[in-house]
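S.K.: Go by the hints and put chain U onto chain X.
Number of protein chains: 2
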Amino acid sequence: MKPFIAAVDWGTSSFRIWLLDSAGHILAEDRSDEGMMKAREIGFPTVLDRHLTRLSADPELPVMICGMAGAKQGWQEAPYVETPASLDDLVGRSVRVSADYPIHILPGVCQRSFDAPDVMRGEETQLLGAFSKGGASGIVCLPGTHTKWVLMEKGIIRRFTTFMTGEIYAAIAGHTILKLALAEGEDADPEGVAFTNAVLRAVEKPALATSRIFAIRSAPLLNIAGTEDAAAKLSGELIGLEIAGALAQFGELSKVELIGSGKLATLYRAALEAAGLSVHLTDADQAVRAGLLTAARRHNS
Amino acid sequence: MKPFIAAVDWGTSSFRIWLLDSAGHILAEDRSDEGMMKAREIGFPTVLDRHLTRLSADPELPVMICGMAGAKQGWQEAPYVETPASLDDLVGRSVRVSADYPIHILPGVCQRSFDAPDVMRGEETQLLGAFSKGGASGIVCLPGTHTKWVLMEKGIIRRFTTFMTGEIYAAIAGHTILKLALAEGEDADPEGVAFTNAVLRAVEKPALATSRIFAIRSAPLLNIAGTEDAAAKLSGELIGLEIAGALAQFGELSKVELIGSGKLATLYRAALEAAGLSVHLTDADQAVRAGLLTAARRHNS
Numbered sequence: 005m006k007p008f009i010a011a012v013d014w015g016t017s018s019f020r021i022w023l024l025d026s027a028g029h030i031l032a033e034d035r036s037d038e039g040m041m042k043a044r045e046i047g048f049p050t051v052l053d054r055h056l057t058r059l060s061a062d063p064e065l066p067v068m069i070c071g072m073a074g075a076k077q078g079w080q081e082a083p084y085v086e087t088p089a090s091l092d093d094l095v096g097r098s099v100r101v102s103a104d105y106p107i108h109i110l111p112g113v114c115q116r117s118f119d120a121p122d123v124m125r126g127e128e129t130q131l132l133g134a135f136s137k138g139g140a141s142g143i144v145c146l147p148g149t150h151t152k153w154v155l156m157e158k159g160i161i162r163r164f165t166t167f168m169t170g171e172i173y174a175a176i177a178g179h180t181i182l183k184l185a186l187a188e189g190e191d192a193d194p195e196g197v198a199f200t201n202a203v204l205r206a207v208e209k210p211a212l213a214t215s216r217i218f219a220i221r222s223a224p225l226l227n228i229a230g231t232e233d234a235a236a237k238l239s240g241e242l243i244g245l246e247i248a249g250a251l252a253q254f255g256e257l258s259k260v261e262l263i264g265s266g267k268l269a270t271l272y273r274a275a276l277e278a279a280g281l282s283v284h285l286t287d288a289d290q291a292v293r294a295g296l297l298t299a300a301r302r303h304n305s
Numbered sequence: 005m006k007p008f009i010a011a012v013d014w015g016t017s018s019f020r021i022w023l024l025d026s027a028g029h030i031l032a033e034d035r036s037d038e039g040m041m042k043a044r045e046i047g048f049p050t051v052l053d054r055h056l057t058r059l060s061a062d063p064e065l066p067v068m069i070c071g072m073a074g075a076k077q078g079w080q081e082a083p084y085v086e087t088p089a090s091l092d093d094l095v096g097r098s099v100r101v102s103a104d105y106p107i108h109i110l111p112g113v114c115q116r117s118f119d120a121p122d123v124m125r126g127e128e129t130q131l132l133g134a135f136s137k138g139g140a141s142g143i144v145c146l147p148g149t150h151t152k153w154v155l156m157e158k159g160i161i162r163r164f165t166t167f168m169t170g171e172i173y174a175a176i177a178g179h180t181i182l183k184l185a186l187a188e189g190e191d192a193d194p195e196g197v198a199f200t201n202a203v204l205r206a207v208e209k210p211a212l213a214t215s216r217i218f219a220i221r222s223a224p225l226l227n228i229a230g231t232e233d234a235a236a237k238l239s240g241e242l243i244g245l246e247i248a249g250a251l252a253q254f255g256e257l258s259k260v261e262l263i264g265s266g267k268l269a270t271l272y273r274a275a276l277e278a279a280g281l282s283v284h285l286t287d288a289d290q291a292v293r294a295g296l297l298t299a300a301r302r303h304n305s
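These protein sequence lines are chains X and U, in that order.
Start counting the first sequence at 5; every next residue gets the next number (my numbering).
Start counting the second sequence at 5; every next residue gets the next number (my numbering).
Same shape as in the complex, but just chain X (with noise of 0.2 angstroms):
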C-alpha cells in the first residue's frame, strides 16, 4: 500500500508521526522526544527527514503536521485563527514551510478576549479529526499538560478555556513538601476511592484544595492515614478544581465529549462520571491522525 501522506503531531516535548493511507490506516509510525524545544536545536527539517527516512517514506511525499511547529517560536509560525474558528477554515490558514517538498502546518486557535485569552495549537486538530463529519455542537475536554475546555457550536469553536491542572499536578508533586508523601512514585488509581473521593471534594468546594492537598501530607504524620493514595487524592483534587471551574464557566453540565488517550483518558472519564456527568469517549491519536488526514485529503481537492 502506498503512503497518501505523513502525518505529524509536533509538541513541546514530543514528536509523532504516521505514514496514512488514504483511508487513514496506519502504514509506519514513529515518535522520539524531539518535539518543539529539541527540534530548535537540532533544526526542524532536519528532524523530521530523519524520521521519513527512517520509515523509509519517499521524500515527495506530502506532509502534514499540527501544534508547537507553527508557533512563533516553531519551524515556520501558523498565524493563529480566531474564536469563533470554524473548523473547515483551519486547513485554508495552513502554511507551506517549503517551495520544494508539499510540506503544511496547520494553525492554531486564539481568543483575543481581554477578561479570557487563551491558545490552542494542536487540539484544533484532534477535534477537526473528531467532528469532521462535521456540524458538531457541545462541550469537549481534551485533557494534557495544558488541559483545554472547548464549546463546539455547528463545527465552529466558539469559545475555549485552558486549565493547567497537569502541569501544577507535575510542580506540586515534584517541587513542594507533597513529594514525602508521593515518593513511593505510583499512578493515581482512577477506580479508587480515595480518587473518586478527592474529585467530588474538590466539584463541590473548589476554593478548599490547596488545604486539603496539604492534608494529603498532615494525614500521614498524624497517622490518620496512609501515604498510598497520595497520587490519586492529588490528582482528584486537581481535576476536581478544574470540573468546578468548567462547570463556571460553561454552565451546569450533563454530557462532555472527552478527547484522549491512555492513562490520562481513563482518569478524566472516572472525575467526569464520578461528578455526575455522562462522558462519550473518542481517542486523541485517532482523532489528530484523522484531523490531519482531513486537512490533507481538502488540501489535495
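Watch out, some of these pointers could steer you wrong.
Copies of the same chain are indistinguishable here, so a pair counts whether it falls within one copy or spans any two.
[Stated by the list, open to error] With a Cα cut of at most 30 angstroms, we get these calculated BS3-like pairs of lysine-lysine: (1) LYS259 / LYS137; (2) LYS209 / LYS183; (3) LYS158 / LYS6; (4) LYS183 / LYS76.
Rather than coming from a laboratory, the hints here were simulated on the basis of the structure.
M.R.: Leaving out everything else, chain U in the frame of chain X:
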C-alpha cells in the same frame, strides 16, 4: 543589661535567635539558614552552641525554642497538643532537651480530624505572643509557605486550616511555563490594580484560578497584556483562592487578625482589605519573641 533568655524560632529552612532581657527588649540577635534541614546534618546542639557563642551568651542561659526542632525528625520530639488547644497549656507541654542546661522546645498543635487533619509548629507560639494578654477570640491569619487560618475562642485554638499558597506559588513560578512570563523575577506590587483585581476574581470564582493563571502566559503571547504584572497576578490569584477557602471554611468574616512580617504581611493586608475584610496587623517577629518570652516566664515561675 543581662539576658533573661535566648529565644529561638527554628524553622524548616531558617534559624533565628534573639537574646532578650526580662522585659522583652532585644539585646542581641542573629539568623542563619541552619533550619531543621541543615541542622539535621550539622547537629542541633552544634548549631545552637555556635550561635550562643557568637552572641557571647552565658552557656547556662535558659533557651526557649519553637518550631521544627520539636518535630519527629527534629532535635527532640515535642509531641503535638491536640485541638481544642489552650495557649496556656503549651508551656506545660514543652520538652527539655538536655539535663545540663535549661533548653526547652515548645510543642506544635495538631488537629486529629479525619476530614481535616492538620498540623502547625511555630505558629502556636506566635499566637501565644500575640494574645498573651489572654482570652482572645476571632479569626487569625498567619501567612507563610504554609499559611494558617486559626479560629481562636477565649485563648483556645478551636480549629485551623493550612493553605499551601506560598509553596504552590514557588512551584508554579519556578517549574511551569509561567517562568517564561515571570522571567524578570520581579516581586508582586501589593498596591497595584493587577494584584487586587486578581484577588477579587479568585475570591469570586475560585474554581477558575488555574485557568486564569494560564492566561498570565496567554495574554502576553497575544499582545493583550505585558508580563510586567505577572508576579502580582499569580500572587493575587493564589491568595484570593486562599481567602475564598477561608470564607468557605469559617463562614462570612468581617475582620481578621493578621500576624505577619515584611512583604508577605503587606500583600496579605492588601488582599484581605480588597476582599472587604478589616485587618488588624501584628508583627510576626514581635509575636514569636513575645510568645517565647511568655513561655520562659511561666516556666520560671
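S.K.: Confirm or reject each hint.
M.R.: Verification of the supplied hints:
1. LYS259 / LYS137: within (20 angstroms within a copy, 57 angstroms between copies)
2. LYS209 / LYS183: Both, since 24 angstroms and 29 angstroms are each at most 30 angstroms.
3. LYS158 / LYS6: So LYS158 and LYS6 fail the 30 angstroms test inside a copy (35 angstroms) and across (82 angstroms) alike.
4. LYS183 / LYS76: Between copies only: 18 angstroms across, 35 angstroms inside.
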